[in-house]
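J.: Residue numbers (UniProt numbering), protein chains in the order written: chain L, 1 to 375; chain X, 1 to 208.
Derived from the structure by calculation, the hints contain no laboratory data.
Beta carbons: idealized from backbone N, C-alpha and C, even for Gly.
Treat each hint with caution, since some may be false.
Said to hold, decoys possible - Between beta-carbon pairs, the in silico distance windows are:
1. Leu312(L) to Ile162(X): 45 to 53 Å
2. Asp49(X) to Arg264(L): 55 to 63 Å
3. Trp208(X) to Pro15(L): 22 to 30 Å
4. Glu172(X) to Arg235(L): 50 to 58 Å
5. Arg364(L) to Lys205(X): 27 to 35 Å
6. Pro73(L) to Glu172(X): 16 to 24 Å
7. Glu220(L) to Asp143(X): 48 to 56 Å
8. Arg144(X) to Arg364(L): 35 to 43 Å
9. Lys99(X) to Pro346(L): 43 to 51 Å
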Amino acid sequence: MVIYREEYRLYDFGPGHPFSPVRLEMLTSLLKALGVWREPLAPPEATREEVLTVHSERLVKRVEAASRGELYPDLPEYGLGTGDTPVFPGMDRAARILVGGTLEGARRILAGERRVLQLGGGLHHAQYDRASGFCVYNDLSVAIRHLVRSGLRVAYLDLDVHHGDGVQWIHYEEREVLTLSLHESGRYLFPGTGQVYELGRGEGLGRKLNLPLEPFAEDEGYLEVFEGLVPWALRAFRPDVLVVQAGADAHFLDPLADLLLTTRAYERLFRRVLEYAEAYAGGRVLFTLGGGYSLDAAVRVWALLYHLFHGLPLPGRLPEGWREHWEARLGQPLTPTLHDPEGAYPEVPRRREIAAYNRRTLERLMELAAPHLLH
Amino acid sequence: MLVKDVMRHPVLTVGPETPLEAAYRLLLERGIRHLPVVEGGRVVGVVTDRDLRLATSHLHPGGPRPGTTPVAEVMARPPLTAHPLDPVEEAARLMRERKIGCLPVLEEGRLVGIITGIDLLDALLKLTGVTEPSGRLEVRLPDRPGELARLTGFLAGRGVNIHSLLSYPEEEDVVRAVVRVNTLETHLLAEGLRQEGFDVLWPPKKPW
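Pulled out of the complex, with its shape left as it was, chain L reads as follows (with noise of 0.2 Å):
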């Protein structure tokens, strides 16, 4: 099951803002020219109490009064109205009806459906008393909030670039939430945290688990820590649901990080997580979208997605058409495949000393982990 409706696009801070709603735009009208596009679900949005479950009233307060276009003096302290997450006209609504997608995506869940994919969402950066990083409310807690209330244990995993801080931060003390986060090592990336011994606290102890990688990492050695990390916790926590929040921005054309994933990794990634999702979460499994600011990359990488999903066989080239109404719109060449071309950036000199470091990052991980995990 499919989940989106237009209104998704109402979430945008304004022209030359990289979390751009053309993205949606651009994604849609590529599933539809390429045949594959099903009538969606339209979700409704989420209400102000459903928000309420993993934000504070103090937020959600400056967050409506900003949509009214009343600035509170104090909007910094709480992330807004800075340079990465804008105040506009009606974001309170916005970021509502994403917040919806994803939680309906839970409800239908828990009514039966195994599968489901929200066509947007996925604002992990969003924390209980503060927006950051272009996300406003967190729509992926409220999903596994609501899970969790149903009385399923959640396993969350995040495949952006960026740590997964919000998702991390309101879960940390969660027993039945086990979070999983791969990213740029925030030594080098925003937010900055996400590293190995952030492993959770009291109950959550141990089921908080974060795989900071090395800048310029690739294909291969991505995917050698990912088959290495994410079976061994499933099998151990062993989740009733996957949620997994599918940014984009690993990819090498990433304009706002320095990961080196093609397509090509990205589906080994999907169908790997649709594999573990049948061996240890009963098959259930809620994706989202998230970050992803190569509007090029990004939306071959989702539409690979959408069509793995659907179990559809993969397209090879783009559709004529659509490739250059939108090469026009853009004013930038697009790839014309839906996968990258072979050799596409230049050989990385330290590759071998890259992959050494993030599979002894994996290693220490495992280490700290396994006291709490494992029993």
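Put chain X on the given structure of chain L with help from the hints.
T.: Quick look at chain X alone, frame taken from chain L:
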């Protein structure tokens, strides 16, 4: 950052007549390593777990001292101390130069706290750590007046908030500045800085 910002208090102390075995039990039970020795309200020495272990070891050249020995016989004296208003780096320098693990903190002769190597590590973590969601810039600056101002001025002009700034001399005439800023878009900032002639080490320019 001052000593009073990182010191611990209240401080556990012993008297000079306290037997070694009692002092040892105290260290063990409280999970600490240092005990100021106080007599008549004055700090007269410091005894550490190492002092106790060496004094009571059967490997000691003079033979092990009995557990009933008063700590006054093995403590270091006179004690080296700090003032709450000393900068932490001054305390660190004294501890490094004298190779000691703690300084009792005195104010007008009164014991008000203690600072140990662990507290200095906390200070280091606080100075270099990530306390807010932020991105990182690393820039090499010529070591001359106005260069850091040019960098921070550029960031201010872009409406970027600086969460922390660490700089250290790298080689002759070059200072390295590590800046944590409240934005995901550090690549964009780096591009702008390079256009202004800055030598940006991180984030890198992509060749594609």
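J.: Would you mind marking each hint as holding or not holding in the structure?
T.: Status of the hints after comparison with the structure:
1. Leu312(L) to Ile162(X): 45 to 53 Å: holds, 48 Å
2. Asp49(X) to Arg264(L): 55 to 63 Å: holds, 57 Å
3. Trp208(X) to Pro15(L): 22 to 30 Å: holds, 25 Å
4. Glu172(X) to Arg235(L): 50 to 58 Å: holds, 55 Å
5. Arg364(L) to Lys205(X): 27 to 35 Å: holds, 31 Å
6. Pro73(L) to Glu172(X): 16 to 24 Å: Given a distance of about 47 Å, which is not inside 16 to 24 Å, the answer is violated.
7. Glu220(L) to Asp143(X): 48 to 56 Å: Because 42 Å falls outside the window, the suggested range is violated.
8. Arg144(X) to Arg364(L): 35 to 43 Å: Given about 42 Å between the Cβ atoms, the range holds.
9. Lys99(X) to Pro346(L): 43 to 51 Å: Given a distance of about 50 Å, which is inside 43 to 51 Å, the answer is holds.
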